[in-house]
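Those protein sequences? They're chains A and B, same order as listed. Converting from the first sequence to the working numbering requires adding 34 to each position, the first position being numbered 1. Converting from the second sequence to the working numbering requires adding 10 to each position, the first position being numbered 1.
The hints are simulated quantities; they were obtained by calculation from the structure and are not laboratory data. Everything numeric in this text was worked out from a predicted model, so none of it was measured. We put the CB at the ideal spot given by N, CA and C, even for glycine. Be careful, since some hints might not be right.
Said to hold, decoys possible - Computed footprint of chain B on chain A, listed as stretches where at least three residues anywhere in the stretch have a Cβ under 8 Å from a Cβ of chain B:
#1 232-245
#2 330-342
#3 353-366
#4 371-381
What the hints assert, rightly or not - Sample of chain B residues lacking proximity to chain A, with all beta carbon distances greater than 10 Å (derived):
#5 His-21
#6 Leu-37
#7 Leu-38
#8 Gly-49
#9 Ile-74
#10 Ser-78
#11 Val-107
#12 Thr-125
#13 Arg-130
#14 Val-169
#15 Gly-244
#16 Val-248
Unchecked claim - Cβ-to-Cβ under 10 Å is the rule here; a few derived chain B residues that face chain A:
#17 Lys-20
#18 Arg-23
#19 Glu-25
#20 Arg-140
#21 Thr-141
#22 Ala-159
#23 Leu-241
#24 Arg-256
#25 Asn-257
#26 Glu-259
#27 Phe-264
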Amino acid sequence: MTMKQNFGLGCALLGAMGLTTSATAAEQITFVSQGGAYQQAQTVAILDPSAKKLGITINQDSIPDAWPAIKTQVGSGKPIWDVVDTPTGYCLRGGEQGLIEKLDFSKIPNAAAMPEAYRSPYSVSYEFYSSVLAYSQKTFPKDAPNSWADFWDVKKFPGRRALRNHPIATLEAALMADGVAPDKLYPLDVDRAFKKLEEIKPNITVWWTSGAQSAQLLNDGEVDMEMAWNGRVSAVAKEGAKVAFTYNQGILQSTSLCILKGAPNFDTAVKFLNEAVDPVHQANLPLNIDYGPGNPKAFETSVIKPERAAQLPSEPANAAKQALMSYAWWSSPAGEAAEKRWASFMQK
Amino acid sequence: MTSGPDPSQKHQRREHGLMLALVSPALLVILLLIVLPVGWLAWQSIYHDGLTLENYRRVFTEDIYWRSFALTFEISLAVTVIALLLGYPVAYLANSVSKGWSILILSLVVLPFWTSVLVRAYAWLALLQRTGVINQFLRYLDVISEPLAMVHNTFGTVVATVHILLPFMVLPLYATMQKIPGDLMQAGASLGASPSLTFFRVFLPLSLPGVLAGCTMVFVLCLGFYITPELLGGGRTVMVSMLVSRNVELYNQFGAASAVAVVLLLSVLAIFFAVSRFISLDRVLGQK
Numbered sequence: 035m036t037m038k039q040n041f042g043l044g045c046a047l048l049g050a051m052g053l054t055t056s057a058t059a060a061e062q063i064t065f066v067s068q069g070g071a072y073q074q075a076q077t078v079a080i081l082d083p084s085a086k087k088l089g090i091t092i093n094q095d096s097i098p099d100a101w102p103a104i105k106t107q108v109g110s111g112k113p114i115w116d117v118v119d120t121p122t123g124y125c126l127r128g129g130e131q132g133l134i135e136k137l138d139f140s141k142i143p144n145a146a147a148m149p150e151a152y153r154s155p156y157s158v159s160y161e162f163y164s165s166v167l168a169y170s171q172k173t174f175p176k177d178a179p180n181s182w183a184d185f186w187d188v189k190k191f192p193g194r195r196a197l198r199n200h201p202i203a204t205l206e207a208a209l210m211a212d213g214v215a216p217d218k219l220y221p222l223d224v225d226r227a228f229k230k231l232e233e234i235k236p237n238i239t240v241w242w243t244s245g246a247q248s249a250q251l252l253n254d255g256e257v258d259m260e261m262a263w264n265g266r267v268s269a270v271a272k273e274g275a276k277v278a279f280t281y282n283q284g285i286l287q288s289t290s291l292c293i294l295k296g297a298p299n300f301d302t303a304v305k306f307l308n309e310a311v312d313p314v315h316q317a318n319l320p321l322n323i324d325y326g327p328g329n330p331k332a333f334e335t336s337v338i339k340p341e342r343a344a345q346l347p348s349e350p351a352n353a354a355k356q357a358l359m360s361y362a363w364w365s366s367p368a369g370e371a372a373e374k375r376w377a378s379f380m381q382k
Numbered sequence: 011m012t013s014g015p016d017p018s019q020k021h022q023r024r025e026h027g028l029m030l031a032l033v034s035p036a037l038l039v040i041l042l043l044i045v046l047p048v049g050w051l052a053w054q055s056i057y058h059d060g061l062t063l064e065n066y067r068r069v070f071t072e073d074i075y076w077r078s079f080a081l082t083f084e085i086s087l088a089v090t091v092i093a094l095l096l097g098y099p100v101a102y103l104a105n106s107v108s109k110g111w112s113i114l115i116l117s118l119v120v121l122p123f124w125t126s127v128l129v130r131a132y133a134w135l136a137l138l139q140r141t142g143v144i145n146q147f148l149r150y151l152d153v154i155s156e157p158l159a160m161v162h163n164t165f166g167t168v169v170a171t172v173h174i175l176l177p178f179m180v181l182p183l184y185a186t187m188q189k190i191p192g193d194l195m196q197a198g199a200s201l202g203a204s205p206s207l208t209f210f211r212v213f214l215p216l217s218l219p220g221v222l223a224g225c226t227m228v229f230v231l232c233l234g235f236y237i238t239p240e241l242l243g244g245g246r247t248v249m250v251s252m253l254v255s256r257n258v259e260l261y262n263q264f265g266a267a268s269a270v271a272v273v274l275l276l277s278v279l280a281i282f283f284a285v286s287r288f289i290s291l292d293r294v295l296g297q298k
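Next comes chain A alone, as it looks inside the complex (with noise of 0.2 Å):
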């Protein structure tokens, strides 16, 4: 309720500062993410904050899959949108293709001093999620599946299992559950992977579309685990439901921010980059959600409590345990070549 008030209260000031400031030309950019809570709690952590600070106008637009929208947009040749927060590989992927800005670090001091696995020369990670191993607490309340290896063992571990019907993340559990460690995954064997995919394709129940889909799964006991977006399962547990997650062998993922090929602001948005990863307010974040700091800076503003902070994806000892998704091979001709096979792999 306080967080609706003061995305109300965020709204007003971003009017007044609008209306006071546009003698001047007010420099506004147009910001898109991806709706809901999310983005509610980024409004508050990071967007107001990021205005008022630096005296721009944010507006904001949500859709859940910015991709086909920022093709269109940029091929279209006048995009409206200036700045995306986006899962990362679209940003490199949209690169390649020239729908992206190429970022000029020296203009983005906060971005510069984060390490180079969190950037890429077109994107800067603005937060982290993982894709975790979820479970039932009622199916499993000692003894818990605790890595991929588990989850493919339906004789120790009997139960009905849900995947995303989706080959990111889920090629990297199968090589992890066939024994390669988490930071020796790339290249991705994918033969290997869709081999190992074969061998509990029987056992999998439900193959999931969307985030949604996979907490009503969990907490309707229609699966005893799954792999699920970590956030989601926290909500879920939240809301009473006997269910709980591992960081072990999860996957760490990022959306990122990217700014858009001829964007009408750009020299604003590449402001509003810089301020959207500064450690403060990337600090804020996992205060209204259950989302790590893009800027692992964050972890030393003492912001973020310690308990509070061992529940976060990015949190460095929990990040250790898991596998850094790479973005650019998912994005290179291989990585693309696997996302086709998994069409065929699902009717198969």
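Since the structure of chain A is provided, determine the placement of chain B on it from the hints.
Chain B in isolation, oriented as in the chain A frame:
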């Protein structure tokens, strides 16, 4: 019967002209909102840095496309047959009872229309899933020891799709049955035929146009179903419409998606054309 052919033809022509003028705004809207986008879609399927039939070659040679089309036709056929078996008795009943009862029956048929498809799909999920109402009840009665897998498969998809499409079967059937003169049945009876014989020799053949109309509606609508198989199919029931969306969302292949959509559209048109050889199309579409 008394009017001559000449003035009536002239009158008809004038009427047609007036009709055309009246529908022209609607035609314009259809042109802008349907014909142009579909044309653009068709163009995308054959143009990618020059004209190419690559997208169509893939649709016709790669087996995942074949499998999807085959599955879609199978499911549509199953749904049509089940809807006919369920819908015919309902329409028959609505036709043979008094006005009040028939209004009640038809309202019950049409009522679900006003609920969103999404809500109905979720309702079936709540009924059919492992911890759903039906499984819980059967377990309570000790009929089963393990929950039945009724959802996240083709079965769940078919059940929910039948439910959603049933009105499209019942209404054309009812409309056709309404027009069958009751005295034909009396005539049959007066000639000594048993009720079942009059039904099979007189009523059933006369209701066949309604059967064809209802089946066409249900079959064609089912070909394009998306949200129900998406929610209740468990990911394995990949119908053609899902191929279209996946091609766009997952693989960013607008051309391939367009080609699939065009093939689906053409199959629907082919079905309509075939049906129109047997009955007038406005019977299917307008329930005249």
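Structure-based check of each hint:
no. : hint    : verdict
1   : 232-245 : holds (count 5)
2   : 330-342 : violated (count 0)
3   : 353-366 : violated (count 0)
4   : 371-381 : holds (count 7)
5   : His-21  : holds, 51 Å
6   : Leu-37  : holds, 28 Å
7   : Leu-38  : holds, 24 Å
8   : Gly-49  : holds, 17 Å
9   : Ile-74  : violated, 5 Å
10  : Ser-78  : violated, 7 Å
11  : Val-107 : holds, 41 Å
12  : Thr-125 : holds, 19 Å
13  : Arg-130 : holds, 16 Å
14  : Val-169 : holds, 16 Å
15  : Gly-244 : violated, 5 Å
16  : Val-248 : violated, 6 Å
17  : Lys-20  : violated, 51 Å
18  : Arg-23  : violated, 46 Å
19  : Glu-25  : violated, 45 Å
20  : Arg-140 : holds, 5 Å
21  : Thr-141 : holds, 5 Å
22  : Ala-159 : holds, 8 Å
23  : Leu-241 : holds, 8 Å
24  : Arg-256 : holds, 7 Å
25  : Asn-257 : holds, 9 Å
26  : Glu-259 : holds, 6 Å
27  : Phe-264 : holds, 8 Å
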